[in-house]
Amino acid sequence: MIGTLATLVATSPGLLARVGASALQVVAVCVGGPLLLGLMGKIRSRAEGRVGPPITQGLLDLRKLVRKEAIRAEHTSAVAALAPLVLVSSAALCAAITPLVTARPVIAGGADVFAVVYLLLMGSVALALGGLDAGTAFGGMGSSRAMTVGAISEPALLVAVLALAIQAHTSNLPGIVNASLSHPEWLASPQRLLALAALVVVVIAETGRIPVDNPSTHLELTMIHEAMILEYAGPDLALVTVGEAMRLGLLLGLVANLFFPWGIDASGGGLAMLVGLVALGAKTAAIAASVALVEVSTAKLRLFRVPELLAGGFVLAAVAVTTGLVAR
Amino acid sequence: MRFGAAIDVAELAAGIVLAGAVLALWRKDLRALTSVLSLQGAALATVAAVLAVRDGDVGLGVVAGVVLVAKGLVIPYLLARVVRADPGSRETSPLVNVPASLFTAAVLVVVSYLVAGRLTALFPDPLTRLAPLGLATVLVGFFVLVTRRKAISQIVGLLLVDNGVALVAFLLTAGVPLLVELGASLDVLLVVVVLQVLATTMQARFGHVDLDQLRELHD
Amino acid sequence: MLLVVIVSVPLAAGALAAVLPWCRAIGWAMALADAAVLGLGVVLAVQTDRHRAADGLDGLLRADALSAFMVVVIGAVSLLATIQSIRYLEAEIAGGEHSARHSSLYSLLVQVFVACMLAAVLSANLGALWVAVEATTVATTFLVGHRRTDKALEASWKYVLICSVGIALAFLGTVLVYFAALHVPGHPTGASVLDWTSLMHDSHRLDPGVVRLAMALLVLGYGTKVGLAPMHSWLPDAHSQAPAPVSALMSGVLLTVAFYALLRFKAVADGALGPDFTRMLLVIVGLASLLVAASLLLTQRDVKRMLAYHSIEHMGLIALGAAAGTTLAIAAVLLHILGHGLAKAVLFLASGEILLVEGTSEIDKIPALLARRPLLGGIFGFGLVALLGLPPFSLFVSELNMIRGEAAVGLGWAAGLSLVAMAVIFAAVMAHSRHLLLGGPTASPSATSRLVGIPLVGGLVACAAFGLSAWPLQSLLDAAARVVVR
Amino acid sequence: MQLRHVDAGSCNGCEIEIAQAFAPVCDAGRFGARLVASPRHADGLLVTGVVTKNMAVPLQMTFEATPRPRVVVACGDCAVNGGLFAGAYGVAGSVHDVVPVDVEIPGCPPEPSEITEALRRLTGR
Amino acid sequence: MSTAAYFIGLGAASAAALLGAVLPARRRLLAAAVLSAAACLAALVGAGDVLVSGHAFSVHTAQVLPLTGVDLSLDPLGALFVAATAVVGLAVSCYSVGYGVHATPSRIATATLPAFLATLLLVPAAASVATFMVAWELMALTSLLALLTDHRRRRETRDAAQWYAAMTHIGAAAILLGLVLLAAHAGGQSFAAIAAHRRQLSLPLTSVVFVLTLFGFASKAGAVPLHVWLPRAHPEAPSPVSALMSGAMVNLGVYGILRVGEDLLGGGEMWWWLVVAALGVVSAVFGALHAAASTDTKRLLAYSTVDNVGLVLIGVGAAGALAAGGQQALAGLVLLAALFHLVNHALFKGCLFLGAGALQHAAGTRDLDRLGGLARKMPATAIFFGAGALSISALPGLNGFASEWLLFEGLLQGFASRSAVTVAALLAGVATLAITGGLTATAFVKALGVGFLGQPRSEGAGAAREVGPSMLIGMGFLAGGCVVLGIVPGVVLPVIDRATTAGLVAGASRAIRPGLGLALASVHSEIDPGLLVGGLLVALVVAWGAVRLAPRSAELRSPRRAAAWGCGRDLQTARMEITATSFAEPLQRVFADVLRPDHDLEVTHTAESRYFPEAITFHQRVDDAVERVVYRPVMAAVAWWGHLARRVPNGSVHRYLAFGFATLVLVLVVLA
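Protein sequence lines, in the order shown, are assigned to chains A, B, C, D and E.
This note's numbering puts the first residue of the first sequence at 2, with every later residue one more than the last.
This note's numbering puts the first residue of the second sequence at 865, with every later residue one more than the last.
This note's numbering puts the first residue of the third sequence at 74, with every later residue one more than the last.
This note's numbering puts the first residue of the fourth sequence at 1110, with every later residue one more than the last.
This note's numbering puts the first residue of the fifth sequence at 9, with every later residue one more than the last.
Extracted from the complex, chain A is given alone in its bound form (with noise of 0.2 Å):
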């Protein structure tokens, strides 16, 4: 690792840059998560004819949470406080190498789809764990649905991520960016409109939106990712809330570069990663958007239909690749 790390410091002059686009990315991402949620929040209300919180409250919260006091039940282990550090850690990793402002972060050759599949799942591995620990009925059930609907919508997200990769022949996000921006046509082609479609529903499902979950419901026997994070008090809520919004923002950062790579700064100019960030700020609000008119509109799923939601999205994911395969 370290003559890695020498390698790279040695070769790129333009490293600094590099690591600075990086670490805008993770910022971006830790602050624009909460806010994405307070959008989402202010359409849902507005919808419903409510003024609603104002967008930057869940930056107020998080700050108020952060001072307040950590409470661990008694049974707990060790794993009950690494979890939410490890899901903002692997999101934040996630932030810094996925194509989100620049399309060269800092560890390009990192920048692998299957990397960032499964750092998602550790993310969600870490939560699923932390809920089993204090023994509480309700961690152990949001936890076994958690990993069950993660276990069918994880394959989608790969395979859907795998249509991309066969069209432009490598599994590197960046490189995949790249390829969409030099192949304009690739944009409108079937094969991706179906990725689109597969990702979407994956992402609903990975955030625990509405037609797979509802984030504010008081009633434990129907939560899903809720019931894992009952016992989190104080900072460790404020860890995992700005963990999940951060997921949320990745995910839907990473749905706009992939299907609307426009704006991305590719050269790595000041100027340009500036114009990066607000095309980013755009397009993941405008998703985030059409995300909560969604979920306006429709009604919870029972849990065991949500599994035909989901292998309806991996079908569509398998038939984008397929498309794609055959078109090529």
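Everything labelled a hint here was simulated from the structure, so no lab data went into it.
No false leads were slipped in.
The calculated SDA-like cross-link candidates involving lysine to any residue, where the alpha carbons are at most 25 Å apart (straight line), are:
#, chain 1, residue 1, chain 2, residue 2
1, A, Lys43, D, Arg1139
2, A, Lys43, D, Arg1143
3, C, Lys224, E, Ser660
4, C, Lys438, E, Gly650
5, A, Lys43, D, Arg1229
6, A, Lys301, D, Arg1143
7, A, Lys65, E, Ser561
8, A, Lys301, E, Cys575
9, A, Lys65, D, Gly1141
10, C, Lys438, E, Trp648
11, A, Lys65, D, Thr1232
12, B, Lys892, E, Ser660
13, C, Lys438, E, Arg162
14, A, Lys301, D, His1114
15, C, Lys224, B, Gln1067
16, C, Lys438, E, Glu164
17, A, Lys65, D, Leu1231
18, A, Lys43, D, Gln1129
19, E, Lys385, A, Ala82
20, A, Lys43, D, Gly1141
21, C, Lys224, B, Arg1079
22, A, Lys301, D, Gln1129
23, C, Lys224, B, His1072
24, C, Lys224, E, Gly659
25, A, Lys43, D, Ile1125
26, C, Lys224, B, Thr1064
27, B, Lys892, B, Arg1013
28, A, Lys43, D, Gly1233
A few chain E positions that, by computed beta-carbon distances, are all more than 12 Å from chain B:
#, residue
29, His369
30, Gly542
31, Cys575
Ideal placement from N, C-alpha and C gives every residue a C-beta, glycine not left out.
Guided by the hints, dock chains B, C, D and E onto chain A, whose structure is given.
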């Protein structure tokens, strides 16, 4: 006696041996069976004697004598002792009824002619032409063994097979080497003694000698 | 001269047993006699290995590498059996079932039985071979009926009857061969017509039609004594009712002596007809026996019957191996004969011991043998491992090479079928022995007497030794195989 | 301001009013107030109804489960001073007898606007 | 040098077996363990030398094994498997000291483990049909004896032994037939002679041989239709033995397929390798599903072995298909990925089985429903088991991720190949990789979470104490291996690369650029797990710092311990925790048609009235669908045939004679 007459005598004797076998199939009375056996023994001995005379082979003469004594006298005497011990002394209903067995005997004779016929055609010698008779006796003897219930009739069947083989031996090869022939007849004699001992113990222990009931030994 | 000594040693021991009342010393004398036979066999093997053949008794007895090998096998198995029969007889006398006189008759008959087998193996003349094999039947009848139970009587009746008929057919076959030999111009006449060497010399001039019919009769006739398919039914009854040492001797080596006769005739027939006819016959008979053994082993409830059916399977394998007919296959067949003899003898003797100690040989009445009698269970377990053809023992090597021989000759399909049958048998025996050997400790483990343990463990170790190291047997096997193959 | 609603024995009159407080008309949400599922996530408890004997211990445990700094809002007369059911056989007392109360909303049931007003005092917006 | 080291290894292992059987109770365990550890070290050195230097050695002696003699030769492909076995063997022999301390096992038990190890080291070196079959059957025999160590106590052990013996024997018979047919036609039974003649072999023959040997080797590797013995044998065997079985013996099935398919038959037809890939796909999905559904730790691990072997078979199949299609470089890469995953599987599965053994040793039960709360009582075992579980779920930073990424990358690059059938196979492979990823993660979150976290659900689990140091060292060694290979896979890959080139008939160019990360030579996508882990740690520290440094009043500084929130109920008992059965219940319901769980619910009512249930008992069993659909009917048919055959010989002498008579007449008629 002209040489031709000797051949006719041998043919007659071979015919008697096969007739004996068919008779065994037909008669149910055990005492009759033992007499058939002694008749066969005598016929066999005459064939051996004729051959001895024809080839002037002293060894064969001795063999004829031994055959006469063993198969003509000793074995039937042993069987008679067993028959006396068994009061019923009548073959109960055999597995295959008499007319059917006679028909199969005929089929068997045809088969043996088919098989042995092709053989003897290779070496045209007046005596070897009779080999199918011997083979027929063997097959009929085997059939008697398969279908008769009583122990004694099974022994008779076995003896028919042995006589048939001996007949084939004499006809085809004018007598197997002396030592082998003596060994063979000694073995046959011993087998009959053993069977006779077993039959008597079976008679004492089970009170009957019907083999079909002896089915205790199976998986 | 050596050959005469080999045959007469057991006869002398038998005579001694008949004269003196039975006691442990007599038992050990019997064992000593058989040990002597084994020793002389080894000497004979070394002798025949160097120069072609030794003959004795002015041409009646003759020994080449093949018969020397068989003498060694007979010696080894009979040594095991006689040592074990000391324990068997003593237990019987102690049990009060039979008098000492009965035991001396037993010892006499056993030694006569061994002598007949030795005579059969060493005889130069095929007619004398037949006489000796017939004599073994007579000798073993009373041994099978030794236990004087109803079942034993029934078993001996069936044994004698079926075997005598079979042997009569074999005699008919021998006569036909004699007839064919007579008509070969220039063939030595008189006593030595049926001499194996002269027959081998003129085998290509024998008349094919006659030899084909003779070979069919011989395979059917001697096949009865070997326990091959159509006339095999006497084997499970006789071997399960006979006393353990006798069934060990019969299963271990009598079957293979009869097969030795078949091998001799096969050599002659191959000369006359070429290998294809006998190969086809032996394959049919071999596969039929494998099918019979596989089907009937599935639902076995008695240990000794299971082992008897197992012998039918191994004889079927040996028939298939001989059908291949190459030097490799025949060498493997001979190694299999030795391995099977040892393993089957050990297993029958162990089952005899189980019968004595447990009082029954029903599989489901003897649970958890390994827990209750570790040594006996261990011997039985490893014996089964040997018999099922697992590596450390020689049966695996011989089966492997028999299958290689068959594949080389184009009998791959037959080898495949035999492997399927062996797999079914493996599963069946594993199921039966699982109940017999494994299981929880019901009672405290009790030891097995040393007298029983040592010879059986010795037999297993020998079987394993022949499986692993090629040293002593390799040259003998090759020489014996070359004797039979053209 | 995340609140965990605890029904310590109320006749659900106050619950209806609280629901109205969060409904589009009064919309307490826009001032940052939110009802959450677990006390761990809450900054305070919104307690309605008189504290019955059975609910005394659960209320105490919920209070313990809330991370400090925390507030307790007693909503409705029953919570404030026992209201109609003061002194009844099943009643352990009003809310301040069990847990320290910071804000009290009188009225049986209090107006949704009064509830929103009280919450705004807490959120400071 | 490598020859000497390898043979010292074999000698030491057999000496260990001998001493294990001979020495008195107390000392034999230690002696056997020390000697087998030494054996593994020597074998590792020998194999390592062959792997590094690339030259193979071969030895022939005619003295051993009559009629055929013994040929041994170790080429890089075989050396890789010997090395993997040696590594797992080292950990297992160290672990077995602690494992056997309480109930000193019988002589047979202590002797069979080193003997089993010796045969495992021998099989990859066998270089002739006879030697290979002897080693193979010896392995089956020693593993059977090892499986039978505690046959006295449990009936399931006896069932398992019976299934195991029957299935391995059938497999061995198929391999024997295949190899013998090959040797007969290729003229000579040594692998070198066969390989030399592989050009002249006719296609139908090589296909028959390949299918037969595939049947045998797939049954040993545990591919689906033939895997039924695996979930029965592994739970019943003592943990060191099942760790060796899963970590080393299963690999030899894959070794066999490679050796026969590539080396002896020269790559052969493409459809062969597509069959192997299909087997892999079915095994992976079926294994992952059943792993997610089972509640017994070792049964879960056994099914996950079926899953991982499926993934390896996908790799091997894809590599063979690509090689047959002419893309050597890509085939080399995919085979490299498959072998790397095999080595990783040996490490983490060995560690997991040893962990499960420690669980059973300390808490007295394997059933996840009765464990719980062990993380605090057995922290070290929890960490090692956790490392194994996380690496099998392919989380970044551990070796599972590295090999699955390599496999994914290889399959992805394969899409460029022309033949549509290969592309379809690769697509199925990638889809399986995706599906099994999620399911394995679920299974191991269940094993880790339900097993170790929360409160102990039985008094056994409650009284559990940390296991002895030797067991911890065993587990730690393997867990450490997982972490090291996860962070710097570049260390091992060149060595495996050489085994791959030896594995493929036409050899493959370097698939990996040198360096610590996973840099593919043929295509520019690469990943550096080291950097990923570094980034992860940095982010972790930053997040922890941010939370720690937040301005907070003094007394809120340290986290407060309080009762877990249970909607205000004060009595939070262990019974309220989720159990493994309920954890897997949603997944079972989703995949009900494959798993076919059968539930039976009994409600016993009180005597007085039907409306008041006295007790409700719920049993659920998820048994193997393949076993019910395939094996039960076959066994029923064989039993029916057995009963039918039993009635034929009914004891009457007439019937026996009739058989003979009929045959005689038939023969005479035929010959007439």
